[in-house]
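> Here the protein sequences come in this chain order: A and B. Be aware that the first sequence starts at 1, since it is given in our numbering, and climbs by one per residue. Be aware that the second sequence starts at 1, since it is given in our numbering, and climbs by one per residue.
Hints listed in this document are in silico derivations from the structure and should not be mistaken for laboratory results. A portion of the hints provided could be inaccurate.
Unchecked claim - Partner residues are not named here, just some residues of chain B that face chain A (Cβ under 10 Å, in silico):
| id | residue |
| --- | --- |
| 1 | Ala16 |
| 2 | Thr22 |
| 3 | Thr24 |
| 4 | Ser27 |
| 5 | Thr31 |
| 6 | Leu35 |
| 7 | Ile37 |
| 8 | Leu45 |
| 9 | Val48 |
| 10 | Pro58 |
| 11 | Ala62 |
What the hints assert, rightly or not - A few chain A residues facing chain B, derived, Cβ under 7 Å:
| id | residue |
| --- | --- |
| 12 | Met48 |
| 13 | Val210 |
| 14 | Arg239 |
| 15 | Ser278 |
| 16 | Glu326 |
| 17 | Asp337 |
| 18 | Met344 |
| 19 | Val345 |
| 20 | Val400 |
Where is the CB? At the ideal position from N, CA and C, for every residue including glycine.
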Amino acid sequence: MTAALLDGTAQAIAAAIRTGAVSAREIAQETLDRIEARNGALGAFTDMTATRALAKADAIDTARARGTNLGPLAGAPFAVKNLFDIAGLPTRAGSKINRDRPPSKVDATVIARLETAGGVLVGALNMGEFAYDFTGRNVHDGPSRNPHDLEHMTGGSSGGSAAAVAGGLVPIALGSDTNGSIRVPSSFCGLFGLKPTYGRLSRVGTFPFVASLDHVGSLARSVGDLALSYDAMLGRDDRDPAQADMPAAAASPMLNDRDVGLRVARLGSYFARSADPSAISAVDTIARALKADRVVELAGAEQARSAAYLITMVEGAALHLARLRERAQDFDPEVRDRLIAGTMVPGAWAAQAQKFRRQFHATTLALFGDVDILLAPATPCRAPRLEQTTFVLDGREMLVRPNIGLFTQPISFIGLPVVTAPVWTEGEKLPIGVQIIAAPWREDLALRVAWALERDGVVRAPVARLS
Amino acid sequence: MTAKVFDPEAVVDAMAPLLGLTLTPESRAQTLVHLRIAAEQAEKLLSVPLDDRQEPAPVFTA
Chain A
1 MTAALLDGTA QAIAAAIRTG AVSAREIAQE TLDRIEARNG ALGAFTDMTA
51 TRALAKADAI DTARARGTNL GPLAGAPFAV KNLFDIAGLP TRAGSKINRD
101 RPPSKVDATV IARLETAGGV LVGALNMGEF AYDFTGRNVH DGPSRNPHDL
151 EHMTGGSSGG SAAAVAGGLV PIALGSDTNG SIRVPSSFCG LFGLKPTYGR
201 LSRVGTFPFV ASLDHVGSLA RSVGDLALSY DAMLGRDDRD PAQADMPAAA
251 ASPMLNDRDV GLRVARLGSY FARSADPSAI SAVDTIARAL KADRVVELAG
301 AEQARSAAYL ITMVEGAALH LARLRERAQD FDPEVRDRLI AGTMVPGAWA
351 AQAQKFRRQF HATTLALFGD VDILLAPATP CRAPRLEQTT FVLDGREMLV
401 RPNIGLFTQP ISFIGLPVVT APVWTEGEKL PIGVQIIAAP WREDLALRVA
451 WALERDGVVR APVARLS
Chain B
1 MTAKVFDPEA VVDAMAPLLG LTLTPESRAQ TLVHLRIAAE QAEKLLSVPL
51 DDRQEPAPVF TA
């Protein structure tokens, strides 16, 4: 029974614990055993917090025995990308260098909130160094591997998060998304991923990458779990200057509202041009299910991607300049040389990118006057092989690492909320994701659409059968 | 400076010492790859005319 629960949802685990069908300790112990057994193949976890997890689980069992009301995630295991502060651990952010940092004294805000809702933190997850990555490769910790085909990438930079959830190690994992780092691994590993609106969730207690683009969010195997974790993390945190003072409306209660009446369109031109047929076909599948035959143009999408690219180079380089001077040899070379290039990008380009950003924001928001949801591929193709460094898009050979995010970057550039939903094709081992994009602060709409698609069997996120 | 006249090799060789960065030959070669990509991205971005009065995105509230 416990194994079936671990392959299921956080909601089902919490329900079973609430009724006493299983104890939180049994779930925590089985989860830790499963991580021990599977992590060697997946490269998902870099740290386990076993003592803490068992203590938290015992506290939940004690609370239940006393008749205390348990939270919505009671006893549900979760894990976090290793750029989230965990009390007692140095926040490595995928790097060798950060292992010299002192252990964190307190947890990241969103970890504390998930635990308040009853979640049980079981560990920290592998990621691309300093989050500058779309592949899931990491020279220090080894790559995270795609549970649906271990020879393929998880995508990055939240690669360990995706491997852990798709591999059945935890039902929910936290990730961060600067240019696509939740949406890309969700696409490659066949998961639901939510990148909320920029400024929605607190980033306090996370290691930054590009402050003006950094988001945190979650990955899960069900839309219900995605919404539940999002709801638990909502709320004002005055210590994050980018957080907006917006009402924190829970999305879970609205998931099964009728989706009738939502106006859905797919994005054309740029979002069709450089895509593999599998990416286009996935959008077709979802558009057909939603009866969305409209195509709208997101004017300036290509330039938006370019602007996000340049801002990332410049802000990322500024963050790491001192470390590049003093400890260049300790970086992952694939990351280091991109950061070094960023130190040399003319400031005028970055300033122009920020001006374009405001213009693009205004023109894109105007689109939402007569549409509620936009659809676009999450990645240009299914997960490449782990060692692959180039692919051909739009008839041109390109580097994989910098170009996997070409469809995610224009969207996060202006902070729109997105749910990535996984589409499977019969006969294919690997899935591919579609971005379900809503207007700012309308995470609820993107989640509602994804929930309806999951209910109707159009999208799904199964645990991988590890060979 | 426009992207078209941007010379990555000249930039890397001039700026690395000014920034206090020491590049191995391998690192220099990869830095050039990424600066060339940056120049391509800049060319696309700079092709869009922006009004002089266009405000940038970051907002600071005093």
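> Each of the hints needs a verdict: does it hold here or not?
Now for the hints, and whether the structure bears them out:
1. Ala16: 8 Å, holds
2. Thr22: At about 7 Å, which falls below the 10 Å cut-off, the nearest Cβ of chain A leaves the hint on Thr22(B) intact, so it holds.
3. Thr24: Holds, because the Cβ-Cβ distance from Thr24(B) to chain A comes to roughly 8 Å (cut-off 10 Å).
4. Ser27: 5 Å, holds
5. Thr31: Since chain A brings a Cβ to about 5 Å from Thr31(B), closer than 10 Å, the hint holds.
6. Leu35: Given a least distance of 5 Å, the restraint on Leu35(B) holds.
7. Ile37: 6 Å, holds
8. Leu45: This hint holds: Leu45(B) lies near chain A, its Cβ roughly 4 Å from the closest one there, short of 10 Å.
9. Val48: 5 Å, holds
10. Pro58: 6 Å, holds
11. Ala62: 13 Å, violated
12. Met48: The hint is violated - Met48(A) has no Cβ within 7 Å of chain B, the shortest such distance being about 34 Å.
13. Val210: Where the cut-off is 7 Å and the nearest Cβ of chain B is about 12 Å from Val210(A), the hint is violated.
14. Arg239: 16 Å, violated
15. Ser278: 25 Å, violated
16. Glu326: 9 Å, violated
17. Asp337: 4 Å, holds
18. Met344: 5 Å, holds
19. Val345: 5 Å, holds
20. Val400: 13 Å, violated
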